[in-house]
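Residues -21 to -1, 1 to 87 in mature numbering (1 follows the signal peptide of the UniProt record, and there is no 0) are what the sequence shown spells out, letter by letter.
Calculated directly from the structure, the hints in this document are not laboratory data. A portion of the hints provided could be inaccurate.
Said to hold, decoys possible - Have a look at the derived ranges for each label pair, beta carbon to beta carbon:
# : residue 1 : residue 2 : range
1 : A51       : Q14       : 30 to 40 Å
2 : Q49       : L(-2)     : 33 to 43 Å
3 : V36       : L(-2)     : 28 to 38 Å
Unchecked claim - As a list, the in silico DSS-like pairs of lysine-lysine whose alpha-carbon atoms are at most 27 Å apart:
# : residue 1 : residue 2
4 : K31       : K41
5 : K27       : K41
6 : K20       : K41
7 : K31       : K20
Ideal Cβ positions, reconstructed from N, Cα and C, are used throughout, including at glycine.
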Amino acid sequence: MASSHLFILVTLAIVTPCILATDFVVGWTINFDYQTWAQEKQFYAGDKLIFKYPKGVHNMYKLNGTGFQQCAVPLDSVLLISGNYVVTLATLGRKWCKGIKAHDQSNG
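Construct the entire structure; sequences and hints are all you get.
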(Lines of atoms letter the chains of each structure in order from A and count residues from 1; the text may use other names and numbers.)
(Lines give C-alpha, C1' and ligand atoms only; values in the text may rest on other atoms or scores of the structure.)
Protein backbone atom coordinates (compact mmCIF):
# COMPACT_ATOMS: atom_id res chain seq x y z
CA MET A 1 0.00 0.00 0.00
CA ALA A 2 2.78 2.43 0.90
CA SER A 3 4.56 1.73 -2.37
CA SER A 4 1.44 2.63 -4.38
CA HIS A 5 1.14 5.93 -2.49
CA LEU A 6 4.79 6.64 -3.17
CA PHE A 7 4.27 5.87 -6.86
CA ILE A 8 1.32 8.30 -7.00
CA LEU A 9 3.31 11.06 -5.28
CA VAL A 10 6.29 10.59 -7.60
CA THR A 11 4.01 10.60 -10.65
CA LEU A 12 2.32 13.82 -9.50
CA ALA A 13 5.70 15.44 -8.84
CA ILE A 14 6.80 14.66 -12.39
CA VAL A 15 3.55 15.41 -14.24
CA THR A 16 2.35 18.55 -12.41
CA PRO A 17 5.16 20.89 -13.57
CA CYS A 18 4.61 19.77 -17.17
CA ILE A 19 0.91 20.55 -16.96
CA LEU A 20 1.49 23.96 -15.35
CA ALA A 21 4.36 24.96 -17.66
CA THR A 22 3.89 28.10 -19.76
CA ASP A 23 5.28 28.95 -23.19
CA PHE A 24 6.55 32.54 -23.42
CA VAL A 25 7.21 33.91 -26.90
CA VAL A 26 10.08 36.35 -26.66
CA GLY A 27 9.53 38.99 -29.34
CA TRP A 28 12.33 40.27 -31.48
CA THR A 29 11.94 43.91 -32.34
CA ILE A 30 14.18 46.94 -32.26
CA ASN A 31 13.78 49.23 -29.21
CA PHE A 32 11.74 46.69 -27.22
CA ASP A 33 12.21 46.75 -23.44
CA TYR A 34 12.92 43.09 -22.66
CA GLN A 35 13.77 43.87 -19.03
CA THR A 36 10.31 45.32 -18.37
CA TRP A 37 8.74 42.41 -20.28
CA ALA A 38 10.56 39.90 -18.05
CA GLN A 39 9.77 41.76 -14.82
CA GLU A 40 6.05 41.43 -15.54
CA LYS A 41 6.28 37.63 -15.65
CA GLN A 42 6.80 34.77 -13.21
CA PHE A 43 9.04 32.04 -14.59
CA TYR A 44 9.15 28.49 -13.25
CA ALA A 45 11.04 25.30 -14.03
CA GLY A 46 9.38 23.67 -17.03
CA ASP A 47 8.38 26.97 -18.65
CA LYS A 48 9.63 27.53 -22.19
CA LEU A 49 11.10 30.70 -23.67
CA ILE A 50 10.53 30.71 -27.42
CA PHE A 51 12.91 33.07 -29.20
CA LYS A 52 11.74 33.99 -32.70
CA TYR A 53 13.87 36.26 -34.82
CA PRO A 54 14.71 36.71 -38.51
CA LYS A 55 17.37 34.15 -39.43
CA GLY A 56 20.45 35.85 -40.87
CA VAL A 57 19.42 39.23 -39.46
CA HIS A 58 19.59 38.44 -35.73
CA ASN A 59 21.24 35.79 -33.62
CA MET A 60 21.80 35.07 -29.97
CA TYR A 61 24.40 33.54 -27.67
CA LYS A 62 24.06 31.24 -24.69
CA LEU A 63 26.06 32.93 -21.91
CA ASN A 64 27.20 32.37 -18.36
CA GLY A 65 26.40 34.95 -15.65
CA THR A 66 29.69 36.85 -16.08
CA GLY A 67 29.26 37.22 -19.83
CA PHE A 68 25.71 38.45 -19.31
CA GLN A 69 26.67 41.03 -16.65
CA GLN A 70 29.54 42.35 -18.78
CA CYS A 71 27.54 42.17 -22.03
CA ALA A 72 30.50 40.25 -23.44
CA VAL A 73 30.47 37.02 -25.40
CA PRO A 74 33.14 34.57 -24.15
CA LEU A 75 34.95 32.53 -26.82
CA ASP A 76 33.30 29.29 -25.65
CA SER A 77 29.73 30.68 -25.93
CA VAL A 78 27.25 28.87 -28.14
CA LEU A 79 26.01 30.88 -31.16
CA LEU A 80 22.35 30.30 -32.01
CA ILE A 81 21.30 31.29 -35.54
CA SER A 82 18.18 29.23 -36.30
CA GLY A 83 15.66 32.06 -35.90
CA ASN A 84 13.50 29.83 -33.72
CA TYR A 85 15.08 28.64 -30.51
CA VAL A 86 13.25 27.12 -27.53
CA VAL A 87 14.74 27.18 -24.04
CA THR A 88 13.08 24.99 -21.41
CA LEU A 89 13.77 26.46 -17.99
CA ALA A 90 15.12 23.67 -15.83
CA THR A 91 17.50 25.43 -13.45
CA LEU A 92 18.60 28.93 -12.56
CA GLY A 93 21.70 30.56 -14.01
CA ARG A 94 21.44 30.57 -17.79
CA LYS A 95 21.62 33.91 -19.56
CA TRP A 96 20.90 34.84 -23.17
CA CYS A 97 21.75 37.87 -25.28
CA LYS A 98 21.64 39.09 -28.86
CA GLY A 99 24.78 38.75 -30.92
CA ILE A 100 24.42 41.74 -33.25
CA LYS A 101 26.37 44.47 -31.43
CA ALA A 102 24.79 47.36 -33.36
CA HIS A 103 21.38 46.23 -32.12
CA ASP A 104 22.57 46.27 -28.49
CA GLN A 105 23.79 49.83 -28.92
CA SER A 106 20.38 50.91 -30.19
CA ASN A 107 18.59 49.09 -27.33
CA GLY A 108 16.94 46.71 -29.80
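Verification of the hints:
A hinted range of 30 to 40 Å for the beta carbons of A51 and Q14 is inconsistent with their spacing of about 18 Å. Roughly 34 Å separates the CB atoms of Q49 and L(-2), a value that falls within the hinted 33 to 43 Å. In this structure, V36 and L(-2) meet the distance hint of 28 to 38 Å, their C-beta atoms being roughly 34 Å apart. A threshold of 27 Å between alpha carbons decides the hint, and for K31 with K41 the separation of about 15 Å falls inside it, so the pair holds.
With a C-alpha separation of about 15 Å, the suggested pairing of K27 with K41 holds against the 27 Å cut-off. At roughly 21 Å between alpha-carbon atoms, K20 and K41 fall within 27 Å of each other, so this suggested pair holds. This hinted pair checks out: K31 and K20 have alpha carbons roughly 18 Å apart, not beyond 27 Å.
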